[in-house]
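Assemble the complex: chain C is given as a structure, and chains H, L and S with the ligands must be docked to it using the hints.
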Amino acid sequence: MKALLRSRPLLTTLVVLVVWIVAGFASPGFGSWPHLRYMLELASVIGLVGAGQTVVVIAGGIDLSVAAIVTLSTIALPLLSWSFDTTGAIAVLGVLALSTLVGLVNGIGIAWLRVHPMIMTLAMATFLQGLLILMAGGSAVTLDNPIVAWLGSARPFGFSACIMLWIVMSGLVLVLLHATPLGARFFALGANPLAARLSGVNIRATTLCAYGISGLMCGLAGLLALGMNGQGYVGIGDPYLLASIAAVVLGGTSILGGRGTYGGTLPGAVLLVTITALITVVNASPGLRDVLFGTLVLGLLLLSGREAKRR
Amino acid sequence: MMPSLYWQIQWRRNRRLTPLYGVVLLLLVVYGWLFPGLFSRAGLAHFTQSWFPLALVAMAQAILMLTGGISLAVGSLVSLGAVVAATTMGATGSLVSMLLVLAAGLATGAASGAIVALLRLPAIIVTLAGSFIIGGLALIILPRPGGMILPWLSAVLAGNNPTVLLGLLILLVLGWKFYLATPGGIALYAAGENPVAAYRSGIAVEATVIAAFAISGMLCTLAGLFVAAQTGSGDPVIGTTFTLNSIAAVVLGGVGFLGGEGTMRGALAGSLLLTVMINVMFFLGMPPVAQYIAQGIIIVVAVALPHLLGRRLAP
Amino acid sequence: MTSVSLAARDVSKAFFGNPVLRGVSIELRPGRVHALMGENGAGKSTLINILSGSLSPDSGSLDVGGRTASSLSPAEARQAGIAVVHQELSLVAHLSIAENIGLGAYASRGGRIDYSALAVRAAELCALVGLSGDLSRPIRDLPLGERQLVEIAKALYRNPKVLILDEPTSSLSARETERLMALLRRLKANGVALLYISHRLGEVMDLCDHVTVLKDGVCTADQPMAGMTPDEFVRLMVGRDAGDLFPAFESAARAETVIDVAGLSAGMVQDAALTLRRGEILGLGGLVGQGQEDLLLALYGAMPARARTATMLGAAGLVHSVTAANRRGIAYVPADRKREGLLLTHSIRFNMLLPDFGRAVSLALRRTSTERKLTDGLARLLTVKGDLSRPVQALSGGNQQKVALAKWMPQNPKILLLNDPTRGVDVQTKREIYLMLRRFAQEGQAIILLSSDTPELVHLCDRVLVMREGNLVAELPHGQVTEESIVAAAMGVSPAREAA
Amino acid sequence: QSHCVTGTRKPPFSIGWANIYSVPTWMKQTTDTINSEAAELKKQGLVSKLMITDAQGSANTQIQQIQSMIDANMDAILVDAGSATALDRVISAACAKGIAVISFDSLVDSDDLTAKIIIDSKEWGRDAATWMAKTLDGKGNILVLNGPAGVSVSEDRRAGAMEVLKQYPGIKILAETNTPYNSAPAQEAVTNLLFSQPKIDGVLSLGGALSAGALLAFERQGRAPVPMTGENYRQFLELWKKTGIKGWAAMQPNWLGAMAAYVAVQALDGKPVPVHVNVPLPVITDATLPSYLARAKDFPTDGYIYSPYSQALFASYLAQK
Ligand SMILES: Nc1ncnc2c1ncn2[C@@H]1O[C@H](COP(=O)(O)OP(=O)(O)OP(=O)(O)O)[C@@H](O)[C@H]1O
Ligand SMILES: Nc1ncnc2c1ncn2[C@@H]1O[C@H](COP(=O)(O)OP(=O)(O)OP(=O)(O)O)[C@@H](O)[C@H]1O
Ligand SMILES: [Mg+2]
Ligand SMILES: [Mg+2]
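Residue numbers (the working numbering), protein chains in the order written: chain C, 650 to 960; chain H, 17 to 331; chain L, 5 to 504; chain S, -12 to 308.
These are computed hints drawn from the structure, not numbers from a lab. By construction, the Cβ of each residue, glycine as well, lies at the ideal position given by its N, Cα and C atoms. Hints may contain errors.
What the hints assert, rightly or not - Listed next, with one range per pair, are the computed distances between beta-carbon atoms:
id, chain 1, residue 1, chain 2, residue 2, range
1, H, ARG31, L, GLU473, 45 to 55 Å
2, C, SER676, L, LEU369, 37 to 47 Å
3, L, ARG310, H, ARG31, 54 to 64 Å
4, C, VAL817, H, VAL45, 52 to 62 Å
Said to hold, decoys possible - Now the stretches of chain C that chain S is said to cover, found in silico as 3 or more residues with beta-carbon under 8 Å:
id, region
5, 668 to 679
6, 768 to 782
7, 869 to 880
8, 930 to 944
Unchecked claim - Output of the computed footprint for chain L on chain C, the stretches with three or more beta carbons under 8 Å from beta carbons of chain L:
id, region
9, 832 to 838
10, 847 to 853
Excised from the complex, chain C in its bound form (with noise of 0.2 Å):
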C-alpha cells in the first residue's frame, strides 16, 4: 500500500507520457517540441496555483478563492505601476504582496473565527469580485511591464521563461513541503488537527502561512497568466479553480488533507492541459467532447488514482 501511494505521482507521469507519445503518433504536430513547450507553458500557470492549492489541501483545507485572487493580480498590476519604476519591480512586488495578503485574510477567517475553509475562501471569492467590479475598466493602462511581459514571452535557450520559474517554484515548494518543519507542520495538521494541537504545533500559525502561500503562487500565476495573454481582463482567472483542484487530486493527493505531494500535483497539471489540447483537435461536437474529455479524465484516473483499499 505505501509503496503504491508513493508511487501515485510516478504513475501520473508515466500516464502523461503514453498520452503524448499516442497522441505524437496520431497527430504529428501534437508531438512536436514547440507543442510539448507549449502545453507545459499553460501548465505552468495551472501548476503554479496548484502548488498553493497542493498546500492547502494537504494542512486540511481547501481553497476556492484561487480564481479571484488571480484575477485580482492582473488587474491590480497596471494600477500599481509609476512611472518611476521603470523595472516594474515595485509593481510586481506589489502584486505579490497583495495576493499574499488576501490568502493570509483567508487564513485569518479560518484560523480565528474558525469559518470553515470553503466558507471563508468563497465568501472571499464573492467579495473580491465586488472590489473587481470597481477596479475594473476604470484607469486600466495597457500592460507595458518589462517583467512580466518577459516572464510571459521570453525564451532564453530555447526554454520558456515561465517554465523556468514554474520549475523553480517547483523545486521550492517541494523542498518546503518535505524538508521543512513548517511542511511537516502542514502534514500534520491535516492529517489529525487536535493531535498536531496537542503535539504543539501553532495551528493558527500553520494554517495563516499555508492561506498565505496560496496567495502568493496565486498572484505569480497572476502574473504569468497576464504575460501570456499580453491584456488581464475580469475573468481571466475563472479556470484555474477547478483545474487547480483537479490537478492537486489526480496527482494523489488525498481531498481530506494530510497525505500527497506536490510532486503528483505536477504531472496532474501537465495532464489536465494535455487532455484538453487533445479534445480541442478532435472534431465532434461540443457536447460530444464535454463527454470525451470526461471520460479520459474518469479513465486515466483508474490507471493512477485508485485509493488504498479499507481492509
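Below, chains H, L and S with the ligands alone, put in the same frame as chain C:
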C-alpha cells in the same frame, strides 16, 4: 415527562445551528418587512419557487457529504433533468417524462456512486469528470435552449399558488426524516464518519454510498425538472451555478466535509439564507458592488457567529 | 470435542508479506472465559478480527456453529452470535450513545428504527455496564473510559453467544472493572463463550478459566488457567523471567513547587486547588469521566480555563495555549491515541518527531540523518520494532501508545502530564515505562499521572488526588493509597478531604 | 400604445436593470451607458431611479431578481438574458402587470414583452462568414471559433455562419472550438490547433475576445496571421492594426443598454414602440478601423470600443420599420 430519546437526539443536533437559524430568521423578517407582499399567496409562491431548486440541490449535496463524499456534478445533473423534461414531455406526456427525469438522475447517480465506492476513486474528481460527461449529454440532447413543458405543469408547480410546491418540499423533508430514522439512514452517517466501524457493525458501506449517490442524483434531476417547469422550457447549461451554491449552502448549514456530521435542516437553512439574502439586498436597493461585498460578509458572519459570541464548540 | 462455539484452526495471516499469525488455533466454548495473552504486536487483535469476520485469514479455517468456513463476513459473524468489543473502538463519533449501541442491529417498526425500544434497551445495558447520563449525547463528547463502556454495551446489545473483548478495561478504573467482571461472570454462567484480552494480569487470573498465549504470531501455550502464576505467564509471553512489575517506591520529591494553582475551573473541573513539586509523581484517580482529563488539559493550555491564583514553573498565570505550555516545558500524553495523539496515516518516524517540528523556530531544512538517529534511539528505548517508515496505524495498539509517549522524550519536559500512559501496553513495556517515570522523577521532572490502573497509583505515586464530579475530593499520601481507599474516595464514601 | 404598457404609469419612471453578471468588462461598460442614459433621462424628468441587480451568471437568480422587480412594481425592466428561454414566464408575468420589459444583447425567444432591441445573431454569423468566403475567394481552410456551447447567442451566430459556408464547398472547416468569450482560453485552443493544422487560411471568429486570443496565438507561435473576423474588443482592434491582417469586426455596441433605457421610457411615455426594434449590425472594416482606434484611449484596455451614440440615434432606430 422527559422528551423521548429521538427528540433529545434531534435537539442536540440542532443546537449547534441556532446562530444560523437566527440569521436566516432575521433576514426573513427583514424581507417580510421590506416587502409585505411576501405574505400573500402569490408572494409566498414566488419566493418558494426561488428557493426550491437550491433547496433540492442542497439536500442532494448534503446526502453525499454526510457519507463523506461530495459532488461537482450537481449543476450538470440539474441541466440534464431540465433538458430531459423539456425534450420528452411533448412526445411522451408528463408522467412518462417525469419518470424519465427521475430515472436519469437515479441511473447517473448510482453509476457515479458505483465508481466511487467499488473502484475506490475520490468522489471529488469522479464527479468532476462526471460533470463533463453529464453536461455533454445535456448538450447533445438539446444543443440550444428550447423544448417545452406542458403549461399545466408549469402552472401547478410554478404558478401563483405555493401549495403544491410547499407540499412537495414538506413531503421531501418528511421523506428524508423517515429515511433517517430507518437503519439505512443511520448507516449513511456511520458510513460517512467511520467506515471501518460501520463495516464492523455489519453495515454494507458500499451499498450505502451507492444509494446516497443515487438518491442525490435523483434530487438533482428533480431540481432540473422543476427549473424546466418554472421556465417552461429546457436549457442545457441552466444548472451550472448550482454546483458551488449547493456546496456553499450545505457547508453553511454545518454539514462537515469529513462525513457523518450535520443535518438536513442545516443544509436547508443554508440554502434559504443564500436565497433570501438576494431578495433582501434587492429591496435594500444595494448596487451590485455592495451586493457582492455584503454577501461575502453575511456568509462569513453567519458561520463565525458562534465564535464571535464567545461560544465554544468542540474543536 | 463436546460443544465448541467458535474455533479457529491453524489460521495464518500476513500483512504485506510480514507474517502476523502463523498456524494459530483457538477454541471457544460456552460457559468458559478464555484468555488470550501476548505482548504488544503478538497478533491478538488480528486473531480476533479474523474470528469476528473483520479480516479474512490467508489460510486455515473457522468453525462456527458446527460449520466450517474459510472466512466470515461481519454479517455472518453477527448471525452466528459473535460480538466484539474492539480495542480501537468502533463507534461513530457524531451519533448518540444509544444509536451507537444499536448500530447495525436496530429493531425496527414499519421500516423505522424503534427509538423507544432502543431507548429502553440501551438504558438497560448502560445501567448494566455502569454508564450513567443522557443517552442522546454524541460519542465525541465522551471521555475515553465512557466510550469503552459504550463499546461494551454495544456488544451486549447483540445478545452474543460468543463475546470477544479486546482490552475492554484499558481505560476503566477499578470500580468499573469490577462491575464488568461481575457482568462477565454472569454471562459465563448463562453459557456465553468469552474471549478476553487484557494486559492487566490480575484481571485475567481472576476471571479466566483457560488461556492461550501468543508470541510473535505463534501459540506458545493453550492450557487451563488453574495453577498458573504471574511469573509463569510473563515467561510464556516474553520468553524470559520477569522482574517485579513495579520498581521499589522511593520519593524523589523536592521542595520547589512547579505548579501551584487555586480556584481552577475548566470544563467539568470546579474550583480545584493543586500543587506539584519537582521530582514528584502526583496521581490522579477516580471513576472514569469525573473531570480528571479536563484538569490535565487545563494545565496544558489546551482547554479554556481560569484560576484564582496560579503559578506554573515560576511564572504567574495559567498557560493559555499548547505552544506556550510546550515552551515552558510542559508535555502531555493523551489517552485516546487515535484521536488525540497520533497521525495514523503518517509514519512512526514522523509521529515521533511531531513536537520537534513544533519547536523548531528556524526555517532551516530538516536534517534527515539527525532525525533518523533521534527516532532510532527512541524506538530502541521503547522497544518499538520494525521499519519506522511504516504508517503508525499498522502498529499494534500497545505499540502505538509507545510512540505517543516517545515523541516527548527528546524535549526533556519539566512537567509531564500523562493521561493513562500505559493504556494497552504489555507488562514488559509497562515495567520499562515505570522505570522511566522513576528516572524522570529522580532527575527532577514533575509528573502528573492520570491512571485508570489503580496499582499504578498505589505503587508509583507520591500522592494521589481523587476526583468526583469535577471536584478534588481526596488527597492520599503514598502510604495511604490502596485500591480500597481510592474507590472509597471516588464513591464519596470517605469523609472530606484529608490533609496531606 | 406599446405592448405590456397600460398607460397608468406616470413619469418619472423607475427602471430596473436585471443584469445577468456585472463583473465582465463588457457588462460594466454597458452598465455605464445605462447609468449615463438614466442620468440624462432623470434630468429630463422622465426617470426617478435606476435599480441594478446582478444574477452572478445564474438564470435562476435572474428570474428571482426580476420577480423582485415585479414585486417592487418597477415601471420598466431592462434584461440581458442569462438564457434565451428561461425568462419567458417571469417576463410574461411582468408584462401582465403593465411593466415595460426591454430585452437586449442576449435576447429572449419570447415576444411577450414591450420590445426586443435586436441585433440579429444569425445575420451576424452570416455576414462574418460571407466576408470570410469572399476574402478567401471561396477557397481555403478555416477555423471556426465559437462562444460557449448551449448559449443561444453563440449557437445562433454559428447557425448563420454555417448557412453561408454551405454555399461555398471550397471552404473547408478544419476545426471548431467552443470557449468562453475570453481571449486566454481562445488563445489556448487556437495554439493547440496551430500545431495540428499546418495550413490555415482564415479564422472565422464569432465573437468577443476570441479573435484577440487567436491573433496572439499566431503571433506567439511565429505563424503568419491570416484573415480574421471578430468583434470590437479593443485588444483585437489593436492587434489587427499591428499585424496588418485583413479583418472584419461586428459590434454588439454597449449602448444597446442605454438604448434599452431610452426605449423603455418612450414606451412608458406613451410613444408607440414596436416589439421588434432592429438595430443594423454595426461593422468595422479595414477602412473604418482607424476611426475606432483613434478613440481607444477612452475605453478600458480589456473593453470594447463602441461607436458614438445619442438619443437621436436611438430615435432613428425606433422610427425605422
Ligand atoms: N492493518 C495492518 N497493516 C499492517 N500491519 C498490521 C496491521 N494490523 C496489524 N498489523 C501488524 O500485525 C502485528 C499484530 O498486531 P495486533 O494488533 O494483532 O497485535 P496485538 O497483539 O493486538 O497487540 P496489542 O497488545 O498492542 O494490541 C503487529 O506487528 C502490527 O504491526
Ligand atoms: N480548528 C481548530 N482545531 C483545533 N484547535 C484549534 C483550532 N483553531 C484554533 N485552535 C487552537 O485552539 C487554541 C484555543 O483556541 P481558542 O479559540 O480557545 O483561543 P482563544 O485565544 O481563546 O481565541 P480568541 O482569541 O478568538 O478568543 C488556540 O491555541 C488555537 O491554536
Ligand atoms: Mg491489540
Ligand atoms: Mg481567548
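Each hint tested on the structure:
1. ARG31/H x GLU473/L: 45 to 55 Å: violated (23 Å)
2. SER676/C x LEU369/L: 37 to 47 Å: holds (44 Å)
3. ARG310/L x ARG31/H: 54 to 64 Å: violated (24 Å)
4. VAL817/C x VAL45/H: 52 to 62 Å: holds (56 Å)
5. 668 to 679: Held - the region 668 to 679 of chain C has 3 residues with a Cβ nearer than 8 Å to chain S, which meets the minimum of three.
6. 768 to 782: It holds, with 3 qualifying residues against the three required.
7. 869 to 880: holds (count 5)
8. 930 to 944: holds (count 6)
9. 832 to 838: With 4 residues close enough to chain L, the hint holds.
10. 847 to 853: Holds: 5 residues of the region 847 to 853 of chain C have a Cβ under 8 Å from chain L.
Hint compliance for this structure: hints 1, 3 are not met, and every other hint is.
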